[in-house]
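Top to bottom, those sequences are chains A and B.
The first sequence begins at 1 in the UniProt record's numbering and counts up by one.
The second sequence begins at 1 in the UniProt record's numbering and counts up by one.
Hints are computed from structural coordinates only; laboratory data are not their basis.
Some clues are possibly wrong.
What the hints assert, rightly or not - Among the chain B residues that face chain A by a calculated CB cut under 7 Å, a handful are:
| hint | residue |
| --- | --- |
| 1 | I436 |
| 2 | L493 |
| 3 | I508 |
| 4 | Q523 |
| 5 | D527 |
| 6 | E557 |
Said to hold, decoys possible - One side only, chain B facing chain A, incomplete, derived with CB under 10 Å:
| hint | residue |
| --- | --- |
| 7 | V341 |
| 8 | I458 |
| 9 | A461 |
| 10 | D498 |
| 11 | A513 |
Just so it is clear, CB atoms sit at the ideal spot from N, CA and C, and this is done for glycine as well.
Number of protein chains: 2
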Amino acid sequence: MDANANGTGVTATTTNDTTTSDTTNTATPGATGPDKAGAPTTGADDPARPLGWHKGYLEGSRSDLRVPVRRVHLTTGRDVTLYDTSGPYTDPGVETDVRRGLEPLRQRWILERGDTEEYAGREPRPEDDGIRHTSPRGGLRNLDAVFPGRPRRPRRARDGRAVTQLAYARRAEITPEMEFVAIRENVEPEVVREEIAAGRAVLPANVNHPEIEPMIIGKRFLVKVNANIGNSAVTSSIEEEVEKMTRATRWGADTVMDLSTGRNIHTTREWVLRNSPVPIGTVPLYQALEKVDGRAEELSWDVYRDTVIEQAEQGVDYMTVHAGVLLRYVPLTARRKTGIVSRGGSIMAAWCLAHHKESFLYTHFEELCEILRAYDITFSLGDGLRPGSIADANDEAQFAELRTLGELNRIAKSHDVQTMIEGPGHVPMHKIKENIDLQQEICDEAPFYTLGPLTTDIAPAYDHITSGIGAAMIAWWGTAMLCYVTPKEHLGLPNPDDVKTGVITYKIAAHAADLAKGHPGAQEWDDALSDARFEFRWEDQFNLSLDPDTAREYHDETLPAEPAKTAHFCSMCGPKFCSMKISREIGERFGGDGDATPEEIEAGMLEKSREFAESGNRVYLPLAD
Amino acid sequence: MDANANGTGVTATTTNDTTTSDTTNTATPGATGPDKAGAPTTGADDPARPLGWHKGYLEGSRSDLRVPVRRVHLTTGRDVTLYDTSGPYTDPGVETDVRRGLEPLRQRWILERGDTEEYAGREPRPEDDGIRHTSPRGGLRNLDAVFPGRPRRPRRARDGRAVTQLAYARRAEITPEMEFVAIRENVEPEVVREEIAAGRAVLPANVNHPEIEPMIIGKRFLVKVNANIGNSAVTSSIEEEVEKMTRATRWGADTVMDLSTGRNIHTTREWVLRNSPVPIGTVPLYQALEKVDGRAEELSWDVYRDTVIEQAEQGVDYMTVHAGVLLRYVPLTARRKTGIVSRGGSIMAAWCLAHHKESFLYTHFEELCEILRAYDITFSLGDGLRPGSIADANDEAQFAELRTLGELNRIAKSHDVQTMIEGPGHVPMHKIKENIDLQQEICDEAPFYTLGPLTTDIAPAYDHITSGIGAAMIAWWGTAMLCYVTPKEHLGLPNPDDVKTGVITYKIAAHAADLAKGHPGAQEWDDALSDARFEFRWEDQFNLSLDPDTAREYHDETLPAEPAKTAHFCSMCGPKFCSMKISREIGERFGGDGDATPEEIEAGMLEKSREFAESGNRVYLPLAD
């Protein structure tokens with residue numbers, strides 16, 4: 001059987017794969033080496049172990065359109081083909097170097113369209129990296145951190161033309177990016193175009209981020225997962241952020257948001273963008289605030305606009321904009337239990353109160369649309385008034401802002417700008433459906449992008465779980481992308497291990513939702529793993545799992561011996577007799593042709609009873625019922 | 001504010017508490033010492049740390065009826081009162097000794113009823129501990145492991161009388177056990193009696209297990225969590241099982257199932273029972289199978305009956321019985337992807353096939369009811385044909401067995417035996433509700449007791465999460481008790497850390513369901529924690545959380561300094577300005593009287609804008625949006 005998580009029945013033979021040689025990735029030693037970035041099954045950390053999967057590619061209509069997939073080798077000789085977000089780092093045939101950055105896969109597609117032009121671009125300034133005259137420390141933390149890769153001049157739309165995937169889709173054009181995601185999702189390119197044209201899906205792809213492997217966010221496609229990274233004034237280095245990005249994508253993150261604050265924001269983002277195979281999102285307001293030395297009241301449209309352009313030229317694919325926090329909504333948070341918990345929301349609330357004026361993000365929204373359109377940056381309209389506790393869920397403040405986001409969504413679309421909507425937050429299970437239903441209605445089915453939601457407030461240190469529950473449910477009901485939550489939520493900055501835990505928890509939620517939505521082919525992944533389990537193919541079970549290393553490690557903790565990875569002593573049954581074995585025998589007896597008559601079954605059971613009487617098989621006891 | 005997770009607004013003043021002295025538990029060094037058993041906040045492992053909570057008691061109508069609660073001290077001077085399952089081990093005023101066992105709290109209540117009598121009881125035999133003539137190794141692994149506590153002669157019903165809580169409830173009697181749980185759940189005793197009488201709730205309490213603190217399982221009460229423990233031929237010792245039990249209850253397990261196999265089954269169970277403050281469940285079939293040297297076909301009603309009586313006399317409170325696996329259902333599993341995955345189910349299927357006869361558990365069911373009635377053992381009717389993969393969910397085999405369980409439920413009730421029904425297993429989200437709805441209809445609303453369900457098969461090593469998602473949902477829809485799943489599911493035997501992870505994950509699922517069901521007072525726990533979060537009361541946040549130690553540890557990883565536990569540098573905001581702080585100021589401005597007029601709000605906002613202009617507060621950036 002050849003299963004495929006995203007619905008394609010592709011087999012290795014139908015594709016031109018890269019070599020399956022087990023030469024380890026030749027990336028320069030560093031964050032992006034598979035050995036350090038935690039490649040699940042390249043076997044890099046154990047040469048003796050058989051290579052669990054290799055990178056394959058599905059070819060499109062042109063030679064430069066090759067869609068990466070993960071091929072899991074089964075001991076049966078078959079392959080299972082899975083969606084892959086890990087980028088070139090897991091392709092032994094590709095040399096990667098974090099100091100050079102990834103190859104610009106989309107560059108030719110962008111140039112061929114002929115609707116963008118290079119230009120001088122904005123002059124970098126010290127404050128871009130948080131270097132302030134008021135600052136006690138001058139200069140970058142480490143100057144050699146500046147990205148050494150060949151400088152590329154920025155591009156933007158030529159004479160005000162609309163260069164967004166939405167504009168192309170509306171003009172009935174199927175771009176290479178659309179074909180790429182169509183192959184990736186196993187749907188017709190026309191389906192992709194239709195969903196984008198209708199505003200029900202977005203394909204975030206800044207013309208200045210040609211390195212990405214295109215992906216799509218929409219309820220008709222696989223549920224996506226975003227991982228937040230970002231250094232802060234307190235901790236972490238540029239190298240660590242790049243490692244977080246490569247690890248997040250290796251474990252399955254579909255997009256990454258760089259929420260860096262403090263110093264080196266510009267440089268950190270440059271390193272992340274140039275090395276990222278997935279779309280990168282940011283919250284420009286954070287950097288803008290740094291530029292005014294953290295004084296909310298000193299923020300202005302000019303500073304914000306300058307920051308958006310700075311990030312647009314670097315290649316940020318989508319931006320969170322908290323333009324729905326209106327002056328008149330602020331008092332609605334007055335009687336809340338936890339008031340305003342969104343950073344962006346609280347900053348804009350502070351600005352509105354300080355000036356007693358309407359938010360400049362709202363008053364300048366159309367101008368902002370024109371900027372985003374020139375680079376094809378996707379809006380992620382932020383929910384600055386989302387609930388920060390169970391008590392505040394689905395309240396007046398939250399839904400008032402949502403109605404404004406619906407209004408802004410229409411304005412953005414009128415400018416051909418792709419748009420998704422951000423959602424909560426902290427919501428008890430019985431109030432989750434109301435959120436997604438209302439968002440879909442008010443925002444014309446624009447993709448919903450939710451943080452969790454957390455279904456209870458009582459478990460700090462386990463909020464990946466409190467929120468994974470809500471995330472699975474809201475994704476089942478239509479959320480297109482889930483923003484992960486790590487165990488450190490509410491407590492501190494996630495480290496690379498927290499990033500892995502958050503991503504895997506959210507891949508579980510996303511896949512559980514794909515199953516519940518009946519996404520074509522989603523269950524084939526579960527079936528492949530369950531077949532392996534039923535047939536005691538332990539290595540196949542490990543290699544098909546979301547985290548093969550940990551599954552293998554847990555198994556070996558109880559039964560270290562290699563023979564334990566055969567049918568002998570599994571944790572469910574034992575060597576000769578076991579529930580699975582009985583079942584298979586029953587299957588062979590009655591299930592062969594799938595339509596045994598009552599007489600055949602009766603005869604078969606008599607036969608079976610003789611066998612058992614003679615066999616005298618011993619029952620070994622499993623470890624769990 | 002004095003919140004209470006299970007709805008009572010009790011304050012410390014209304015109860016007679018035990019001392020709050022921080023003298024550490026004087027239990028003999030060993031598994032049950034709080035220092036080793038991981039008391040969340042006794043501070044035993046850090047004397048410098050203020051005692052986060054102390055044991056309190058709510059008094060009932062008689063002096064020997066004292067319901068334990070957990071009182072979390074807040075820095076505001078108030079207490080939050082929470083449901084507590086940790087037993088006397090967390091009461092510094094009580095001396096515990098694992099070699100002596102716990103005090104028999106219920107003994108007097110049982111004697112007062114005068115409907116039971118002591119009797120000689122069954123003679124212990126070598127095979128009770130798995131010592132077989134065929135065995136290469138003779139004798140116990142360690143003979144001095146035999147429980148040293150004073151031997152107590154077993155009790156049973158006098159001349160066939162019904163001594164079950166169901167029988168009392170039907171006779172309109174409110175027992176001390178019922179009053180105990182009524183206080184614990186903050187409902188009227190009559191509600192408890194009604195739910196038990198109607199068969200919608202069970203109160204598992206074997207007359208030979210007087211050590212337990214009574215608890216109730218039913219959809220009208222708090223969702224309960226069971227933790228499985230049990231040694232095996234492969235690993236673990238008696239001491240480790242006792243430690244798993246005390247750790248599980250300390251972290252919140254409401255019942256514990258001892259699934260021990262291999263050797264020392266009888267002795268391990270004795271140690272667990274004598275030291276357990278919660279009801280203990282077992283699967284007698286496992287031990288019966290050991291007695292026939294693991295040969296399923298050699299099982300017989302006599303061997304099974306002998307095992308049930310052996311365990312009944314020891315004090316097992318509820319027993320899983322796979323009496324619904326009928327001969328004619330076995331072929332229904334033939335075309336399944338993973339056949340029969342329940343140990344009990346596969347053993348009975350093997351027996352049925354070997355003899356080509358109907359299950360002796362089914363044919364002798366009424367006799368079994370008479371035995372359970374004599375000790376007040378609760379039936380947990382096992383789902384031997386539950387699905388073991390997403391592909392097999394809600395199939396003919398599963399629902400055919402469920403209909404038989406409905407029939408057996410009525411027979412058990414006709415014998416005054418308390419009964420709950422076990423459920424799956426592996427079920428995708430969209431098929432979960434059908435399970436609980438069908439079970440409630442077919443089984444006359446008898447309590448549903450489900451294992452997860454796991455919502456996907458692809459994440460071995462993370463099945464506490466794949467199943468926590470399904471558990472929260474099915475509990476919201478009416479499941480009364482959740483059987484936890486640990487990260488080791490499908491891979492190996494859980495160690496004490498896995499037990500903790502499983503219990504905490506399931507406490508999250510159970511509480512999320514209590515919130516969604518609108519359980520009276522459930523949200524007060526969340527509110528108390530969110531208030532502490534909003535007011536930067538870090539220690540209160542830690543102490544109110546399900547796992548204070550880990551929450552504190554994660555916080556300190558990023559911001560180790562003690563001052564960090566004040567408003568300075570929290571992971572959401574910062575020292576002077578933060579979203580929470582703005583919100584509080586807005587609250588004081590507009591929220592004071594809760595009914596500000598538009599004019600007042602307008603005036604207030606103008607005032608506020610002046611304040612901000614003057615304040616020049618700096619915005620510190622949080623670590624997560």
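Now the hints, each set against the structure:
Because the beta carbon of B:I436 sits about 14 Å from the nearest beta carbon in chain A, more than 7 Å, this interface hint is broken. Of the supplied interface hints, the one on B:L493 holds, with its beta-carbon coming within about 5 Å of a beta-carbon of chain A, less than 7 Å. Annotation: B:I508 was flagged as interfacial toward chain A, and the flag holds, the nearest CB pair being 5 Å apart, inside 7 Å. Against a cut-off of 7 Å between C-beta atoms, the interface hint on B:Q523 holds, since the closest Cβ of chain A lies about 6 Å away.
Hint on B:D527 holds. Least Cβ distance to chain A is approximately 5 Å, under the 7 Å limit. The interface hint given for B:E557 holds, since its Cβ lies 6 Å from the closest Cβ of chain A, which is under the 7 Å cut-off. For B:V341, the interface hint holds, the least distance from its beta-carbon to any beta-carbon of chain A being 6 Å, beneath 10 Å. The criterion of a C-beta within 10 Å of any C-beta in chain A is met by B:I458, whose closest approach is roughly 5 Å, and the hint holds.
The criterion of a C-beta within 10 Å of any C-beta in chain A is met by B:A461, whose closest approach is roughly 4 Å, and the hint holds. Among the interface hints, the one on B:D498 holds; its C-beta lies about 9 Å from the nearest C-beta in chain A, closer than the 10 Å criterion. At its closest, the beta carbon of B:A513 sits 7 Å from a beta carbon of chain A; the interface hint therefore holds under the 10 Å criterion.
Hint compliance for this structure: hint 1 alone is broken.
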